[in-house]
Structures are given as structure tokens and as C-alpha cells.
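Visitor: Protein chains in written order, with the working numbering: chain F, 49 to 206; chain G, 49 to 206; chain W, 49 to 206.
Please keep in mind that the hints were generated in silico from the structure rather than gathered at the bench. Among these hints, one or two may not hold up.
Identical copies carry no separate label here, and so any pair may be met within one copy or between two of them.
[Said to hold, decoys possible] Calculated lysine-lysine pairs in the DSBU-like style (CA-CA distance at most 30 Å, straight line):
| hint | residue 1 | residue 2 |
| --- | --- | --- |
| 1 | K83 | K162 |
| 2 | K98 | K162 |
| 3 | K98 | K154 |
| 4 | K154 | K83 |
| 5 | K98 | K142 |
| 6 | K142 | K154 |
| 7 | K98 | K83 |
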Amino acid sequence: MDNNNGTTLIVMSGDMDKVMAAFNIAIGAAAADKKTNMFFTFWGMKAIQKGNLTGRGLFGRMIGLMNRGGINRIGPSSFNFGGIGRWMFRQMMKNHNVPSLEELRKTAMELGVKLMPCQMSMEIMEIAREDLIDGVEEPCGVAAMLEKSDQSRQTLFI
Amino acid sequence: MDNNNGTTLIVMSGDMDKVMAAFNIAIGAAAADKKTNMFFTFWGMKAIQKGNLTGRGLFGRMIGLMNRGGINRIGPSSFNFGGIGRWMFRQMMKNHNVPSLEELRKTAMELGVKLMPCQMSMEIMEIAREDLIDGVEEPCGVAAMLEKSDQSRQTLFI
Amino acid sequence: MDNNNGTTLIVMSGDMDKVMAAFNIAIGAAAADKKTNMFFTFWGMKAIQKGNLTGRGLFGRMIGLMNRGGINRIGPSSFNFGGIGRWMFRQMMKNHNVPSLEELRKTAMELGVKLMPCQMSMEIMEIAREDLIDGVEEPCGVAAMLEKSDQSRQTLFI
Numbered sequence: 049m050d051n052n053n054g055t056t057l058i059v060m061s062g063d064m065d066k067v068m069a070a071f072n073i074a075i076g077a078a079a080a081d082k083k084t085n086m087f088f089t090f091w092g093m094k095a096i097q098k099g100n101l102t103g104r105g106l107f108g109r110m111i112g113l114m115n116r117g118g119i120n121r122i123g124p125s126s127f128n129f130g131g132i133g134r135w136m137f138r139q140m141m142k143n144h145n146v147p148s149l150e151e152l153r154k155t156a157m158e159l160g161v162k163l164m165p166c167q168m169s170m171e172i173m174e175i176a177r178e179d180l181i182d183g184v185e186e187p188c189g190v191a192a193m194l195e196k197s198d199q200s201r202q203t204l205f206i
Numbered sequence: 049m050d051n052n053n054g055t056t057l058i059v060m061s062g063d064m065d066k067v068m069a070a071f072n073i074a075i076g077a078a079a080a081d082k083k084t085n086m087f088f089t090f091w092g093m094k095a096i097q098k099g100n101l102t103g104r105g106l107f108g109r110m111i112g113l114m115n116r117g118g119i120n121r122i123g124p125s126s127f128n129f130g131g132i133g134r135w136m137f138r139q140m141m142k143n144h145n146v147p148s149l150e151e152l153r154k155t156a157m158e159l160g161v162k163l164m165p166c167q168m169s170m171e172i173m174e175i176a177r178e179d180l181i182d183g184v185e186e187p188c189g190v191a192a193m194l195e196k197s198d199q200s201r202q203t204l205f206i
Numbered sequence: 049m050d051n052n053n054g055t056t057l058i059v060m061s062g063d064m065d066k067v068m069a070a071f072n073i074a075i076g077a078a079a080a081d082k083k084t085n086m087f088f089t090f091w092g093m094k095a096i097q098k099g100n101l102t103g104r105g106l107f108g109r110m111i112g113l114m115n116r117g118g119i120n121r122i123g124p125s126s127f128n129f130g131g132i133g134r135w136m137f138r139q140m141m142k143n144h145n146v147p148s149l150e151e152l153r154k155t156a157m158e159l160g161v162k163l164m165p166c167q168m169s170m171e172i173m174e175i176a177r178e179d180l181i182d183g184v185e186e187p188c189g190v191a192a193m194l195e196k197s198d199q200s201r202q203t204l205f206i
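Extracted from the complex, chain F is given alone in its bound form (with noise of 0.2 Å):
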């Protein structure tokens, strides 16, 4: 496998469908053994954030309260109908014996793929490092992301 043949994700969606995308696609490129990297940026820091707590500051709690983090608040960007979408979507990942988001993260993590936050998002989001998951890279910034994505075949904007 040569050095440019990597998988580069920049997930700045909080939409649980996304989401879900995003790592079926890096799950099935570090099966096929490629580097795969996901840069989490804006909205995209709910897939890796611990809880439902968004932010430490006013604006950070106000988000917080309008858009409840964490990865299992996440509803479906098409329709959603005060919560039926989220639920009428598990209920038929269920049954169809889909992995939920925490499962599919946790296999991408086995798997190698690197999770990268993005320190600009956590800054203007006043997201703290141990608001994250464990397991995540250092936060860094678009540069450090260019330089993955620069050695894959492959850059995803999700």
C-alpha cells in the first residue's frame, strides 16, 4: 500500500444519517487497508463528544440547549418530525440489524481510524478536552488536516 492511497473524512455534519455514512466509509477503508482519517469539525464535534453537554461558556450552553450533543441525539437531516424521524429510523436499523453510531465508532477506532477534532470548533463551540471521547488525536487545524488528505486517494466533505 503506498503512502497516497488514504481515506480523509471531514465530517462537519451533526446529522445522525451523515454520521453513519461517514463511518461506514471509513470503516470500509481501513478494512481495506487504507489510512483513514476523520477530521470532526462544527457540528460533526457531536460524533465525538462524551455527553450531551455542548460548550462550557453562554453561547456554548445556549447551543448546548437548542442542539443537544452526542452522538445519540443525532436525528436524520431529512425529515424528523418532533423526534419520530430518529426513532422510525433506529426502530428500522434495528430490525435490520444495523449497528447503532457508537457501535460503528468504536469499530472504526479498532479498526485504526484516527479521529481528529478540530481545535477552531472547539474554540468558537468552547468545547473542552475532556469533553471529548478518549481514544481521539490531539485537536489540531486545517493544515494537519491537508497533509492526510494529501496522501489519499480520497477527501470527503460530509
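Fit chains G and W to the supplied structure of chain F, relying on the hints for placement.
Guide: The following block gives chains G and W in isolation, referenced to the frame of chain F:
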């Protein structure tokens, strides 16, 4: 044309404007003699379904009700105001002689663009093989999509 | 720096957060000496328009009313609650000394990022050449965008 100059489009969105952009890019790539593949997943499945029917089981039918399938029922991703967005958008396209989604899809297929249905999405959304339009490839997974992507100069997540 | 190391960004979204992410990535790429092109299409056109005016014909004006143009009127893609999302987002950015969209755009242009307007979008949305800010490239199509993309290490659809 070398082996690594293809174009791969992952179409997850079911929004009319994004699907339209996807077909326009695919047509441009195929016209430039690039091997072009479109992988349809989640809401993007609507773009290669026959009609209004989305799925067969209970959940599939519920999604079908909320989110009428078929390429002519797709609304634009921004503002929709009870369908007025779609109506207006279509009028504007008509006034400017922009081809419809169905025409774009036909042109893409005539130029050799391959339409790949995502097997997992079909299972989750309970969509059968015969619900898809004629001429699509065999349903496949992330691994098959990544193989095409590895032979591509650009892979877009739409 | 070889010929195939550029960065191409296709900006279709008109959401403030996504446009901001696009300019941040473009600035990072240009700062790393990569030839960087941004192709603005559909709602993304707002990011390179002069003011609030969107289009000239009847439909163009209707879109303009629903969807006020201009880089300062763009809301974030998630939650907006009657404008509070945008206000809050801007306050947070200000508090953390994050540059505004206008400043990001200026910086990108100073670093040599090329801004390419999509001709078809201008025709459909009835946007004239003089409605665009100074310093953008000649309006062009998918073929010209793909040419840049073929010389790029990463092409993102935003």
C-alpha cells in the same frame, strides 16, 4: 486516459438541486471521457427509483408517505414553502431550457455513467431490486464504491 | 510543487457555516502553496454576490425575497430560530476573534484563491456579471471546474 482518472460521486442527498448538480457533474465527467460512477445511498436512492413507492415493509411505507419517492417529487434543499420552491425551481429551469432530472439521468446513462445502488440502504429502507429503474448496476456496498473511487481523480460526497 | 497538487472546492451551499468552512479550507490550502480554486454554484453564488439583490427577472426576484442574497445574510445550516442562530453564531465568532465571511473571502483572494462563478447557475437564477463582486474569474461551466479538479489532490463538494 489512464486507469486512475475516473470520477466517483456518492449521492446521499435526495434534494432536487443536489441530485441535479450530481447528474450535471457526472455528465461533464463522462463527456470528458472519464470513467464515471454514481453510488446512490440513503435519500439519494430516490433518484434511481421507479415511482412513488418507497419500501415495502411498515417503515418503508412510512418513509414513503413522509417523503414521496421518485425523481419528480424531489424538492430543492433550501426553502420549499409547501412545494412552492419546487414549482418555482422547475419553472425557472423550464424558462431557461434546463433539462429535467429525468432527462439528465437519461443523458448520463447514455454517456456510460454507471448507477450503483447501495445494498445496505435498500435493506434498511426496504427497497426491492424491481423498485429501481432499468439499467442500474447490481446493488453493492462501500467496498465496491471505494474500488471505483481508488481509480478516480475526484470523489465527491453529495 | 507538482501540477497535480491543487485543491478544488465546489461550493453549492449558501449556509454561513459551510461557506465559512469552505473559505477556511481554501485559505489553508493556498497557504500551503497549493493552487486553489473555488467553483460557486446554486446557493453558493450568494458568497460572491455584491449585496442583497439576487437575480433580475421575476423568479430571480422571488428567490431574492425568500432568500436574501449577500454574504452577510447567510444563516448557519443547523438551527436558525428566526435569525437567532446567525446572531449567536456571529457573537461567538466575534468573542473568539474569528474573522467574518467577508474577511475570510478577502484573505483567500489575497492568497491567490481563484473564485469561479458557475455560468448555468447565473442563467437559472438570473444573476448578471455586474451583480458579482470584483476580482472573480469569468463565469464558467462544469468542464472548466473538472479541469482544475483533475489537477487537484482533493476536490470537495460543500
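Visitor: Evaluate each hint against the coordinates.
Guide: Cross-check of the supplied hints:
1. Taking identical chains as interchangeable, the C-alpha atoms of K83 and K162 lie at most 30 Å apart whether they share a chain (9 Å) or sit on different chains (27 Å).
2. Taking identical chains as interchangeable, the C-alpha atoms of K98 and K162 lie at most 30 Å apart only when both belong to the same chain, with a minimum of 17 Å there against 40 Å between chains.
3. Taking the closest pair of Cα atoms, K98 and K154 come within 30 Å of each other only inside a single copy of the chain (13 Å); across copies the shortest separation is 37 Å, beyond that limit.
4. Taking the shortest Cα distances, K154 and K83 sit within 30 Å of each other inside one copy (17 Å), while across copies they are farther apart (35 Å).
5. Within a single copy, K98 and K142 get their C-alpha atoms as close as 23 Å, and across copies as close as 27 Å, so both meet the 30 Å cut-off.
6. For the identical chains of this complex, K142 and K154 are intra-copy neighbours only, at 17 Å inside a copy versus 36 Å across copies, given an alpha-carbon limit of 30 Å.
7. In this homomeric assembly, K98 and K83 come within 30 Å of each other (Cα to Cα) only inside a single copy, at 25 Å, whereas the closest approach across copies is 38 Å.
In summary, this structure violates none of the numbered hints.
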